[in-house]
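> Chains as they are written, first to last, in our numbering: chain A, 107 to 658; chain B, 6 to 175.
Hints in this document: simulated from the structure, not taken from any laboratory.
Hints may contain errors.
Derived CB-CB ranges, DEER-like [stated by the list, open to error]:
hint, chain 1, residue 1, chain 2, residue 2, range
1, A, G135, B, L65, 21 to 31 Å
2, B, D62, A, G135, 57 to 67 Å
3, A, A497, B, K141, 35 to 45 Å
4, A, A400, B, D156, 31 to 41 Å
As a list, the in silico BS3-like pairs of lysine-lysine whose alpha-carbon atoms are at most 30 Å apart [unchecked claim]:
hint, chain 1, residue 1, chain 2, residue 2
5, A, K271, B, K141
6, A, K203, A, K183
7, A, K203, B, K30
8, A, K172, A, K297
9, A, K354, A, K183
10, A, K119, B, K141
11, A, K354, A, K172
In this text the structure is predicted, and so the values were computed from the model without any measurement.
Here a beta-carbon is modelled for each residue, glycine too, at the ideal position from N, C-alpha and C.
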Amino acid sequence: MYIYDQFDHAITKERVAEFSQQVSRRLTGELSEEQFRPLRLMNGLYLQLHAYMLRVAIPYGTLSSKQLHKLADIAKKYDRDYAHFTTRQNIQYNWIKLDQVPDLLAELASVEMHANQTSGNCIRNVTADQFAGVAGDEIEDPRIISEVIRQWSTFHPEFSFLPRKFKIAVTGAPKDRAAIQYHDIGIHIVKNDAGETGYAIYVGGGMGRTPVVAPLIKPFVARADLLSYLEACLRVYNLHGRRDNIYKARIKILVRDLGPAEYARQVEEMWPMTRAAGVDVPAGEVARIAAFFAPPAYDKILEPVAAFTAAKAKYSAFARWVQTNVHPHKVPGYGAVTISLKPIGGIPGDASSAQMHAIADMADTYSLGEVRVTHVQNLVLPNVKQADLFAVWQRLGEIGFAEGNVGLITDIIACPGLDYCSLANARSIPIAQRLSQKFADLDRQHNIGPLQIKISGCINACGHHHAGHIGILGVDKAGVELYQLTLGGAGDETASIGQLLGPGFTSEDIVGAVDKLVNTYLDLREKPSETFLEAYRRVGPAPFKESLYGRR
Amino acid sequence: MAVVDRNGPIADAWTRLADEEAVSKGASVIVSFARLKNEHNSLFSTAGAVGVEIPGDVNLDELEPFLPRLSVIVVRMATMRDGRAFSIGRLLRERYSYGADMRAVGDFIPDQILFLLRCGFTSFEVKDNFPIDSLKRSVAAYTAWYQRASDRATTVAELRQGANPNGGTS
Chain A
107 MYIYDQFDHA ITKERVAEFS QQVSRRLTGE LSEEQFRPLR LMNGLYLQLH AYMLRVAIPY
167 GTLSSKQLHK LADIAKKYDR DYAHFTTRQN IQYNWIKLDQ VPDLLAELAS VEMHANQTSG
227 NCIRNVTADQ FAGVAGDEIE DPRIISEVIR QWSTFHPEFS FLPRKFKIAV TGAPKDRAAI
287 QYHDIGIHIV KNDAGETGYA IYVGGGMGRT PVVAPLIKPF VARADLLSYL EACLRVYNLH
347 GRRDNIYKAR IKILVRDLGP AEYARQVEEM WPMTRAAGVD VPAGEVARIA AFFAPPAYDK
407 ILEPVAAFTA AKAKYSAFAR WVQTNVHPHK VPGYGAVTIS LKPIGGIPGD ASSAQMHAIA
467 DMADTYSLGE VRVTHVQNLV LPNVKQADLF AVWQRLGEIG FAEGNVGLIT DIIACPGLDY
527 CSLANARSIP IAQRLSQKFA DLDRQHNIGP LQIKISGCIN ACGHHHAGHI GILGVDKAGV
587 ELYQLTLGGA GDETASIGQL LGPGFTSEDI VGAVDKLVNT YLDLREKPSE TFLEAYRRVG
647 PAPFKESLYG RR
Chain B
6 MAVVDRNGPI ADAWTRLADE EAVSKGASVI VSFARLKNEH NSLFSTAGAV GVEIPGDVNL
66 DELEPFLPRL SVIVVRMATM RDGRAFSIGR LLRERYSYGA DMRAVGDFIP DQILFLLRCG
126 FTSFEVKDNF PIDSLKRSVA AYTAWYQRAS DRATTVAELR QGANPNGGTS
């Protein structure tokens with residue numbers, strides 16, 4: 107874990123003071139709502155349907171147990187005793203009072219946390235692979251440069267009033283678990299032919315009403331040059347990105363209109379200047395940050411671990427949970443546990459303060475004090491000894507989070523939707539809940555295999571429906587909530603955009619429609635190991651369309 | 006309208022000229038970019054000091070030949086959300102080595118002046134009721150910065166290396 111020094115603490119405290127006086131100037135009327143809006147958004151504060159919503163940054167999804175305890179305390183003290191983990195690895199509180207925000211921010215600062223740049227037209231909280239540091243296929247821990255980027259982008263004087271929001275994601279392994287090609291900038295840590303570690307830079311991906319899989323702009327940027335290259339990317343965007351139309355203001359539109367080659371050329375032209383300006387941080391500073399992410403002191407454990415093997419043999423439900431929810435660890439005798447925040451019929455990503463406290467305690471007992479947040483709205487205990495997995499599973503059962511459904515059809519992403527969000531056209535949460543109930547049978551879930559359903563309540567696509575194997579998009583048609591289906595999206599290293607199947611379904615009919623799609627897949631797959639996505643990519647949309655709309 | 010710098014109100018010696026207005030001998034005038042391009046010879050010979058107002062979509066390469074003789078460059082922010090001025094400021098200072106006054110005008114708020122200063126701006130045209138207290142507070146809000154900018158302020162990374170000269174080298 108990165109630990110603040112005197113400078114990080116000072117800057118965080120100064121930000122609390124600055125925002126506190128901005129809040130009081132709003133309350134006295136010196137600032138109009140229009141003037142206050144970009145200021146509060148830069149602090150993650152939204153005015154929603156019923157109240158203010160505060161989005162707190164969890165940089166690259168990494169939390170200490172102490173921080174998670176504090177987030178739970180805040181849920182109890184300032185909210186209605188629960189909070190919501192988001193697809194950007196952050197946490198949201200939905201019932202916040204404006205005049206309490208300064209106190210809340212001061213509490214966050216006491217555990218080295220903040221809400222900086224979790225909204226607004228600035229560089230947002232950077233996201234990364236949730237298995238950073240523990241995945242066996244990793245080239246370099248993505249948290250190192252994620253923290254470098256967090257610091258560089260914090261209160262960036264030039265890039266705080268961009269044409270539109272700007273999201274950066276980093277993945278450190280060939281397997282992309284951070285959906286980097288759906289980001290404004292995706293950074294893939296790679297090795298070049300000389301064996302040096304560096305960064306492949308993808309620019310101009312995104313969801314929203316114009317989904318784009320980001321093109322590769324630069325195959326290799328050396329570590330020493332990363333920030334100056336990013337600064338050149340951002341400057342070209344800040345100068346030339348569209349500001350006349352909010353729907354065309356993201357960098358994906360600029361890259362598309364210029365063409366990736368021309369955009370890359372303009373960045374190359376800008377780059378010598380940002381390099382000469384001394385934007386890149388010294389190697390010593392990168393090394394200082396990297397030291398915080400050095401591997402912890404793992405025990406030497408020989409596999410197989412007898413107690414673990416015995417527990418799997420004795421309890422088939424446990425063995426199944428291990429199959430879906432425990433990711434291989436690079437160190438023998440350990441596993442990375444994904445805690446599903448998707449209990450059957452629950453609200454995806456929600457956790458009560460009691461549940462958060464319990465998970466924080468488990469992190470201390472079993473996972474070297476660390477917790478991760480995933481972009482699929484689950485939590486991870488990254489460092490659990492295999493011998494402890496059974497105890498972890500039992501404890502998760504006591505708090506209602508032992509669902510063994512990670513990667514299966516009930517591991518659904520859903521945005522807050524019309525239940526909370528002032529932008530939404532339709533409700534998302536009730537659809538997720540009913541789908542979860544429909545597919546509750548775990549035998550059937552395992553038979554269906556890996557299948558990601560992602561639900562957005564409007565075209566802004568916060569629920570990542572474009573990247574869902576089955577995507578569901580809520581739309582408003584003459585006052586009626588309708589749900590459109592897309593198929594074949596993916597957010598991994600084979601990223602693709604889901605294709606719209608046809609007319610939407612009512613809330614009553616959408617669950618049955620998904621069931622038909624699933625049955626169609628089960629009928630046509632060549633063998634049980636052929637996944638839904640593989641089958642769709644093989645046969646295309648026709649049989650699925652036919653199952654929903656009949657022969658045309 | 007009033008003009009402030011980072012410390013508070015300053016005198017404004019400049020006269021804004023519409024494109025059809027004549028230039029008085031020895032006057033300090035701010036003209037449009039179009040007029041500068043068309044009349045630069047007579048402007049620089051007649052006026053005492055010349056400034057130019059540039060739009061957000063300016064091509065700075067076109068401005069470059071005039072930079073050594075300009076005494077102020079005025080950058081207009083159409084709305085407080087129009088952040089191009091921040092990049093224009095840095096380009097003028099860091100790429101074109103422009104060294105004279107750089108002034109922001111338009112719809113910015115006191116809280117943005119801090120970032121404009123970091124991007125090379127030196128003066129700001131504001132409404133007469135501009136809250137000077139907010140400006141002073143805003144400018145003093147932070148004691149250190151993470152990133153390099155046009156103001157060449159020492160970065161946190163540099164402070165760290167200085168604070169711990171034996172640590173963290175590789």
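> For each hint, tell me whether it holds in the structure or not.
Hints, one by one, checked against the model:
At roughly 39 Å, the beta carbons of G135/A and L65/B sit outside the given window of 21 to 31 Å. The given range of 57 to 67 Å is broken by D62/B and G135/A, whose C-beta atoms sit roughly 35 Å from each other. At roughly 58 Å, the beta-carbon separation of A497/A and K141/B lies outside the given 35 to 45 Å, and the hint is violated. Look at A400/A against D156/B: about 35 Å separates their beta carbons, and that is inside 31 to 41 Å.
Pair hint K271/A plus K141/B holds up; C-alpha atoms about 29 Å apart against a cutoff of 30 Å. Of the supplied pair hints, the one linking K203/A and K183/A holds, its CA atoms being roughly 11 Å apart against a limit of 30 Å. Simply put, K203/A and K30/B have alpha-carbon atoms about 60 Å apart, too far for the 30 Å limit, and the pair is violated. For the hint pairing K172/A with K297/A, the CA-to-CA distance comes to about 36 Å; that exceeds 30 Å, so the pair is violated.
Proposed proximity of K354/A and K183/A is contradicted: the alpha carbons are some 40 Å apart, above 30 Å. Taking the CA atoms of K119/A and K141/B, the gap is about 18 Å. The hint holds against a cut of 30 Å. Only pairs whose Cα atoms come within 30 Å are accepted, and K354/A paired with K172/A is rejected, the gap being roughly 41 Å.
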